[in-house]
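Q: Sequence:
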Amino acid sequence: MERAAHPVGVTSVPAFDIVERGGADGGGIGGALGSGRRGGQEREQQNGAQGHGSGVLVERSRLEVIHYATGGGGVSKRAAGSREGCHISPSGSTPIIGHRVTPHTSQEAPVAVKKSAGSSAGKAKAESDRKLQREAEGRRKQTEKSKPNRESAVQAGERRQPEPPFPKQHLQKPGLESELEPRPRYLAPEYRGSGKLEDKVALITGGDSGIGRSVAVLFAREGADVAIVYLSEDEDAKETARAVEAEGRRALLIPGDVTDPEFCREAVDQTVGELDRLDILVNNAAFQEHAESLEDITDEQLDRTFRTNIYGYFYMARAALPHLQEGSSIINCGSVTGIEGSKDLLDYSATKGAIHTFTKSLAQNLNDRGIRVNCVAPGPVWTPLNPADQDAEKVAKFGSDVPMKRPAQPEEVAPAFVFLAAPVCSSYISGEVLPVLGGQTSG
1 MERAAHPVGV TSVPAFDIVE RGGADGGGIG GALGSGRRGG QEREQQNGAQ GHGSGVLVER
61 SRLEVIHYAT GGGGVSKRAA GSREGCHISP SGSTPIIGHR VTPHTSQEAP VAVKKSAGSS
121 AGKAKAESDR KLQREAEGRR KQTEKSKPNR ESAVQAGERR QPEPPFPKQH LQKPGLESEL
181 EPRPRYLAPE YRGSGKLEDK VALITGGDSG IGRSVAVLFA REGADVAIVY LSEDEDAKET
241 ARAVEAEGRR ALLIPGDVTD PEFCREAVDQ TVGELDRLDI LVNNAAFQEH AESLEDITDE
301 QLDRTFRTNI YGYFYMARAA LPHLQEGSSI INCGSVTGIE GSKDLLDYSA TKGAIHTFTK
361 SLAQNLNDRG IRVNCVAPGP VWTPLNPADQ DAEKVAKFGS DVPMKRPAQP EEVAPAFVFL
421 AAPVCSSYIS GEVLPVLGGQ TSG
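Numbering (our numbering), first residue to last: 1 to 443.
Derived DEER-like restraints, expressed as beta-carbon distance ranges:
| id | residue 1 | residue 2 | range |
| --- | --- | --- | --- |
| 1 | Arg318 | Asp296 | 28 to 36 angstroms |
| 2 | Gln440 | Gly122 | 41 to 49 angstroms |
| 3 | Asn367 | Arg192 | 28 to 36 angstroms |
| 4 | Lys238 | Gln325 | 24 to 32 angstroms |
None of these hints come from the bench; they were simulated from the model. Since this is a predicted model, take the numbers as computed values, not measurements. We put the beta carbon where it would ideally sit given N, CA and C, even for glycine.
Starting from the given sequences, assemble the full structure and let the hints guide the process.
A: So this is what it looks like as structure tokens:
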């Protein structure tokens, strides 16, 4: 007489595919998705007649597996609505386990799930993550309350620097620093010289105003004599010379146009003749003119921009090389526009990008001669260059779009030139472009 089967356990299992395993004597799971209902019935009959086997049915949904135990006789169990069942018939009175597999639905009673150590650890980790999240959110809220008002410009130096809005103004080219309001700051009173350039000689193009003027002053403060090449701004040039001499060093004024290769040779020869040597060349002279579109850039403007910003750098470097010894330095002035471009300065940006590449290439070319070549790439700097180029409305807001919300003053950029010029600071640095961008990160 066949004894009734009784459930001995319920397990909820995740399912991924259909797998079928048969016993050594031919038993197995019939039916299921791959074989069809008829195949399952045939295998049930075979299992009852031939003994017992084992099998696993895995379906692509959550399955409920109910275990039955019995002794003697075959057990065939298929619940209504199930995909398929399986029947494993024992031989003799050995208890067996059969499986009824049904899809788990939301209408069924909750299934008991045995928790593993991994499951408990996962829940603990999730709770720990949520705790960290709550703490971080609390800190952020507290930080927001105590955050300083950044509507004003960032002031990270020893003294407070001018910030926008500036007076509306427009200068006539090339732009006189004496006419700019507020006056650019170039003396760097907090900067203390320490003899980094003692008894060296530097030639600086565009040294009459702006960045070039401040570089001349700090070079002198570090012990160098300075030749100042400028276009025609005599008043500005004389003020720079007085500032250099106030540092106890010699100043030489050389007016002329760096787009003329013959003038560049003469300027170098005059420097060596009057100051006895040449150790440092700073290519800083520049020309720029904003334009709304490419069609607005005339051949004359394009030629002037490239001749000043690229040809002039080539001409001066070529003229200086015969006089530069091992340990000498060439420093070019690049720009953030040479890194990121500028939609309103197409030709100027192109020259600045070329200057950056010229710097790297010349550094490789002169490496064996022990002459270092580097570049400083500033962002917006309060000099006559932009007020002589842009309309008064834009000048009033100049520099407000960088993270520090203000342009640099020349005295904030000049120390980068000192660093690259002084072997004691940068003897292992060559071919580099050093951005000075007021917190802006370049690409």
